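S.K.: Residues per chain, in single letters:
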Amino acid sequence: MNVDLLPVLPAIVVVIAAFVVLLAGAFAGSGLRVCRNLSTVGLGAALAVLFVAPTDGNMGGAIQGGAYSAFLQGSILIVAILAVWLAAARLGDDQVQPHEFFTLLLFSVVGMLGLATATEAISLFVALETMSVALYALCAMPRTGPQRQEAAIKYFITGAFSSAFLLFGIALLYGASGSTTLAIMARGVSQGGPLALMGAAFFLVGFLFKVGAAPFHMWAPDVYQGAITPVTAFMAAAVKIAAFGALGRVVAVAIGGLSDSWAPGVALVAAFTMVVGNLGALAQSDLKRLLAFSSVAHAGYMLAGIVGMDGRPEGLEALLFYVATYAITNLGAFGILIAIRRNGQEPAIATDLTGLSRRDPGLAALLTVLLISLTGVPVSVGFVGKFHLFKAAVAAGYSGLAAVGVLMSVVSAFYYLRLVVLMYMEEPEKSTEFRIEPGFVPTIVALAAALTFGLGLFPGPLMALARAAAASLF
Amino acid sequence: MSWFEAAHAGFVQAALAVSAFLFVVGTVGVFIRRNVITVMMCIELMLNAVNLAFVAFSRAHGTIDGQILVFFVFTVAAAEAAVGLAIVIALQRNRQDLDVDSFDLLKG
Amino acid sequence: MGLLSLLILLPLGGALVLALGRGLSDSTIKRFSFGLTLVLFGLSLALLAQLSGFESSAAYRFEERVSWLPQWGISYHLGIDGLSLWLIILSTLLTPISLLGSWTSIDERVREFNIFILILESAMIGVFCALDLFLFYIFWEAMLIPMYFLIGIFGHGRRIYAAVKFFLYTMAGSALMLVAFLVLYREAGTSSFDLPALVRSPIDPGMQMGLFLAFALAFAIKVPMFPFHTWLPDAHVEAPTAGSVILAGVMLKMGGYGFLRLAIPLFPIAAKEAAWAIAFLGVIGIIYGALVSMVQPDLKKLVAYSSVSHLGFVMLGIAAFSPMSVVGASYQMLNHGVSTGALFLMVGMLYERRHTRLISEFGGLKAVMPRFAAVFLLICLSSIAVPGFNGFIGEFLILVGSFTLSPALVFLYTLGVILTAAYQLWLVQRVMFGEVTTPKNANLRDLNAREWATLLPLVFLSLFMGVFSSLFTPSLEKPVMKIIQDARAKTITRAGVAPVLPSSAEPRAETGGDQ
Amino acid sequence: MILDVILFYGAAFVALASGIFVIAQRSPINSAFSLIVTMCSLAVMFAMLGSGFIAVLQVVVYAGAIMVLFLFVIMLLNAKQDEGDRAGGIGRAAIFLGIILAVQSVWVVWNGSASLPTNYKETTSADVARGLFSSPRFLYAFEATSILILSAMVGAIVVARKEKGK
Amino acid sequence: MFTPERIVLWAPWMVLFMPLFGFIVLAFLGGLAKRQGKHQGMMVIATLCTFASFLLTLATVRSLLALPAGDHGLHFVQPMLPLNWIDVAGFTIPMALLIDPLSSTLMLVITGIGFLIHLYSIGYMAHDEERVQYFSYLNLFTFFMLVLVMGGSLALMFVGWEGVGLCSYLLIGFWFKKKSASDAGKKAFIMNRVGDAGLIIGMALAAAQLGTLDLLELSKGVGTMAREEFGVFGPLTLIAIALFIGACGKSAQIPLHVWLPDAMEGPTPVSALIHAATMVTAGVYMVARLGAVYSMSETAMWVVAAVGGVTAFVAATIAIVQNDIKRVLAYSTVSQLGYMFLACGVGAYGVGVFHLVTHAFFKALMFLGSGSVIHALSGEQDMRQMGGLRTRTPWTFWTFTAGWLAIIGTPFLSGYFSKDEILIAAFAHNKFLFGLALLTAGLTAFYMSRLFFMTFTGEYRGNLEKANAHKADDHSGHGHGGHTGIHESPAVMLIPLFILAIGSILAGYLPVPHFVEPAIRVPESLPHLTWMPFLATGVAAMGVWIAFLLYAGSLRDMPAKIAAKYAGVKDLLDAKWGFDNAYDSFVRNGLNGVVDISERVLWKRVDAGWIDGVVNGLGRLAVEFSEGGKLLQNGLVRGSALSILVGAVALLTAVLWAQR
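Residue numbers (the numbering used here), protein chains in the order written: chain C, 16 to 489; chain F, 42 to 149; chain D, 8 to 522; chain U, 5 to 170; chain A, 2 to 661.
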């Protein structure tokens, strides 16, 4: 048996890094900094492998290298590196064994890389579960306070529940086609039939859960709120990339032929998700819940890309572009929460940001840039991304979905702007004291903001990558 | 074809029906049971139902993929159960209550 | 880099300098940005070097085109014709004036204030230059953010409510326009967002109305047309003086500009069908604005509602769609920028002195501040459209040009003319005439040199434009004629019917009142 | 042949019945035992469907190992009985939806399976092994499973470990 | 440069420019001059500017007449600036003047009488704080009035039209601290604005229907069109009537006349210049100017004549019962303007203009005379507080006598000629209007005599101390002199009176109708009725005689008795035929109603309630929805799972459904 390991090389590198971190922590008692640096090196090496090594192989159909996978893997790895650093800034506060934390984080990255590359249902499922199981555990860390475990159990139960649906969907698709390989599945599926339809529907349910689309989203606010902020940031950014990447591939490769059947339903889900996410965020005062609902809303926008695929790569291209840039932007927004200590505490509710611009105009400006992008107002990458998504949806004939999307963006402006109002237009209480995490967190935020703004002006290069990636599946 | 031949030929169909029904039973169980461990068992029941579907399809198509998948489902189920039960243990340690409805710190 | 790019990028560069510059004192910042905006004004005057070109053809000049997102056919495409030319000059003129006008009233967060003004200026110029829908939309939306901050940070009492309302209202308006862009892109089949290319390609008449309405909503809110105007009074009242001046002076013009530049040329058939509704709402706006303005206790609110009224004239002119009326409407947009800008400046001056804007707090100011009173009166006269002032030219052209649309509307229009005079003069009377009733008013300072410097250009312009309109109108006329001719040609060829809106410039002596 | 049929349908019946017992029992212990019964019945069905290897695994791994884990935890935590059937509105809604879903899914598989091919053949553990390892297709998943299990281990340890000093 | 051909091209611009120059100088240097106490110099500059304008007008007219005549025997020039005021889409309004006999006549009146009134004002306003500003307004007014009559197109005419309205507004409200003054100013402006709306519509109609606003072209152009019979509301009729509404506003014709009496709140010279001699005649000028258009529409002619006739009569009756000297004169002005319109309405445009000229002299004279009286009495305007001023202010008395005689139509004085011709024209046209006009002539004689007798003859009835005390209270306003006691005015005020008196006597000998006829392009042929002068004189004499009996003769107690006996009539006249009340109640009820509705309904309900209610309601709805969603998001795992189940079932249903 000749096994071409090149396409799994990045994942292997990350696995090695995970082992090294685990062992270093367990046996050498390495601390936070060492674990952080080791993780970074591992992820960076994986990224380097991605760039250097020709990863275009397929391991007998289990996974597929190439532009699409590389785009997703690259995004995931970059996000993961940033997340590692954000986590490193926060773990000092919490009683967490850093090596365990980073090992789990790296394991979940491995799962994500698998998701991004899998072209076969079994691999896909195993990768998904690898990611999920690690995330369940991450959510429960540290064990201080019942919130964490509550978040974990909620995530676990709903996650397992939806996994069952996903699995049932795979079973039915397998039943309709006789194979678990996506490309072969497509042949059986394209003939239609009730098995294929129900299989596609349940398959979608599983992924719609992972991306946090309504009505499969209700776990998201609770889990986002309950987990520690770096974990939340990592979930909000990286899981979206991996899940949407896999969903996009499945839609493009396996069930695209049935799009007439499921696309209207998904369009409804997308519209519903935009509405629920944005309206849900309106009344939130808790910052992380607000960002959770916001991420639900963004899942809705991204689903417009899925709906807009319709046999053409444009929707997928838009989706890839959006999910990558959204991850960066969102990570930046969470980074702000990590960077700030208000009276020694992480800002938890919106009013904790009151008067930030008076104390730290730079950070306030950065958050404003990020919020503007999340709202989708030019000049920002959020605008370009939404434009792209809705363009695809309109091109596929779903103008109404685009209309809902833009109107809901207006609603989103309300709650994003409220933060800006608080930062810029309200006076802080006299006793309020802001301390900024020194060093790298503001740098990460600045990096995210710079990318957000810069890609808003010059989206061309990244868009070209997304374009090539999407085209490789068609 | 005799009745039992027909019944034999109908194995796949029947197995699938049983699978679908069991899946729904498991699904409903998630909602009507409130002990978190029972809830997890209901999810296991759903997975089992799916396994039956895989095996049935595997038989129908004559491909091995389905069975292999079941093999992986076992592993996944084991892994999930491990982490899930670990969380349950941690929860129990923190709050002495396994009623799913009691986890309501996070809401709104 | 072309002149237009320079006009757009220079203020951005200035904003960047201010944002990154360390240790700049407030007065340095003020001087720097004032100087920069003056330079921009000078640069924009350089556009006039080609005035004869603007007067001789409707072709876009100073065109710049850099491919930006080629896969979507999006390019950084700039260019101006006569219509944009004057609006750009208006923008670059009002910006330094508003900076000068808030020289003393803004004494906190000066750096941010100037940054926002500079960004705003850049975006405003961009809107008037952009010849690519995507680019247009970017500038269009980018304008909102600095204005939002200007209102929200530097405004008065209910500033936050007003800022959020302003932002959401206008963003909601333009949201559907974005979808319409995309549908248009799909329907036109040009594979580009280039405006001239899209204008050339015919759009299915069945699609036009929906798209037109999406565009029209965005522009109607910006204008603002009744009944989409309620953000305006709030935004104006709460905004700082500079914000009000720019908002009223430039940003409201973008609605009318959008109709002329985008909505009508792209969807002429739908525009024709909707003309009566726009005209009707325009006239309602004229009268409604005047009536509501009459009863405002707050000076700024009064001026704000008067804007609703004045822009009703503009919309009527655009809807009538005859060369005269559209030129009149374009001219009226400039006029309104000058006169209402000045009015807001003066209200700001009063506020600076007395910290109130309630009309009942004033009275008899003519005795205390005679020069202020004189300028105030002049500006009011311009606003009333007394001939000799700029307002008259615009309103007269609109009136004559829209006569054939509907005589009944025109009679309502004249009712608006009367009401305008009524509320403006009542305002003058209440504020300027009579005895000084409040002791606090007894020792108010008359205009100082800085305030003179802000007002004189506007007073001068309102007179100059009232007398020498023919220096301005030929360059407005060319693009307007082109828009009208193109639209008519498309209406005929696409729908196979003759235009219902005949040119009013043609003598039609043989018919009676056109019913 | 007849034995097959009887065994199969008998097992199916038992599986359904015990499946319902799983969710109808108030006590977690009872549910667990019912679940084990279900699993064993399913194992019989697997065997009758020609997947002997899976049937064995089902009993050994699933009913044996995993369920023991469950039972162990139930015992460890001394899980109380469910406090009655106060499933409330959510339960009723779920039952309602469950009925719909059951109708739909049974209808789907019933109709769908009518057009399935009938390439029946017995498979042995050798077939499974060949399928699993003869091509790199499943090798990837197989290796990935190791990561899955490892991360589950680490996760379980991390989560369930007692706090130092507590 | 100084050949007639050249002069007519630059001199008119200079005519216009001089008063504008004066205004600019005063406006910009006024403050400085005021601070340095150099009011006198400023006032002289203003006056000289007007005088220069007058001289230039003379030069212009002389040169014009020296030019060869054009068609219809018309001497005209159209000096033009190389610049269009409006030039859009083939519609142009050049900056062109039209100098022909008609405008020349008006220019002479404006600059001539304007100069005299400037001169007079130097004395009258000598002690007012803001006299420099006053003079600047006066100059500005002169400028705009000249624009009005010299403008070559309706649009330019409209510039002047609005400009004089503005100056009128400023000058009426000159003593702006007085509420009544600023109210009157506003009233005048808004009522004019109503008229102007008519004018604007008329212009727009003309522009839209005829394609030009050029006065000459309009006059020529309509010649080719069909005449519109009575009852036909063709475009010309509509244009003419719309324009006439404008004329009514400016020339204070019923029903837009009520502002003029109130306008007497302004300084008296202003009343003389603006509200008697020049501005208020602008309507007459316009109708005459567009005589060719009006003559094409019988309906419009009828309307003009009727409004003129009725106004003449009604205003005259009101004048009978007024006691304020200026108000009598104001109503008299309204009445005389009605005469002029009557003349125009019956096709005798030239005669109308003729009366305009003569009226300018005698009415300006009488206003200035009354100003002199008021000046002498330190601000007293009530005739019941006057009397016997003949001896105390002899020069004023004699000049006033000339004006009085002229207006009542004393043979061979100016009023006699013009009024006679109006009567003849009316007689030839419509017997009813003629009767009304004749009656008005009698009434005019009566009330002017009443004024004359009450003011100058008999005994002084006033209380001088009170007058002085009143003055002391009001020193900021009417700043007449620091003298006490009844006194004659200074020479600078008397000289204009003399000149105007001479004019009042002799102006009737000017061949105005003949002179302006070619400019109007409507041939006038009046019948020669030898009996008419006798009849008119007789009626006038009767009026004088009755007035003499009632106010200077033996029946001085009669007015009160008559008033008591015919209380109804008296009340009607006191109430000014109800117009003022109607306006007041319209303003109070109607306008206040509008204000009220605007405030309560439009602003607070429609705007703040409905529209903003919808806007804010949408926002609130969204937030409510969100709050409701929070309840749903109750944190129960089973709830979250249930929503997944709901979604799964729904999606499955949708997918199965879509396939069907």
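Please keep in mind that the hints were generated in silico from the structure rather than gathered at the bench.
A couple of the hints might just be wrong.
[What the hints assert, rightly or not] Computed cross-link-like contacts, BS3-like style, restricted to lysine-lysine with a CA-CA straight-line distance of at most 30 Å: (1) Lys-432(A) - Lys-605(A); (2) Lys-148(F) - Lys-166(U); (3) Lys-178(A) - Lys-148(F); (4) Lys-562(A) - Lys-432(A); (5) Lys-447(D) - Lys-35(A); (6) Lys-631(A) - Lys-447(D); (7) Lys-179(A) - Lys-35(A); (8) Lys-631(A) - Lys-432(A); (9) Lys-447(D) - Lys-179(A); (10) Lys-447(D) - Lys-180(A); (11) Lys-180(A) - Lys-566(A); (12) Lys-35(A) - Lys-221(A); (13) Lys-221(A) - Lys-39(A).
[Claimed, not checked] According to the in silico footprint, chain C covers these stretches of chain D (three or more CB under 8 Å from chain C): (14) 155-166; (15) 186-198.
For clarity, every value in this text was computed on a predicted model and none was experimentally measured.
For every residue, glycine included, the Cβ atom is placed at its ideal position computed from N, Cα and C.
S.K.: If a hint holds in the structure, say so; if it doesn't, say that too.
M.R.: Status of the hints after comparison with the structure:
1. Lys-432(A) - Lys-605(A): violated, 56 Å
2. Lys-148(F) - Lys-166(U): holds, 27 Å
3. Lys-178(A) - Lys-148(F): Violated, because 68 Å separates the two Cα atoms, which is more than 30 Å.
4. Lys-562(A) - Lys-432(A): violated, 33 Å
5. Lys-447(D) - Lys-35(A): holds, 26 Å
6. Lys-631(A) - Lys-447(D): violated, 53 Å
7. Lys-179(A) - Lys-35(A): holds, 22 Å
8. Lys-631(A) - Lys-432(A): violated, 88 Å
9. Lys-447(D) - Lys-179(A): Given pair Lys-447(D), Lys-179(A) holds - Cα atoms ~20 Å apart, limit 30 Å.
10. Lys-447(D) - Lys-180(A): holds, 21 Å
11. Lys-180(A) - Lys-566(A): violated, 37 Å
12. Lys-35(A) - Lys-221(A): violated, 51 Å
13. Lys-221(A) - Lys-39(A): The given pair, whose Cα atoms are some 51 Å apart, is violated under the 30 Å limit.
14. 155-166: Contact hint for the stretch 155-166 of chain D vs chain C: holds, 5 residues under 8 Å.
15. 186-198: As far as the stretch 186-198 of chain D goes, the hint holds, because 5 residues have Cβ atoms under 8 Å from chain C.
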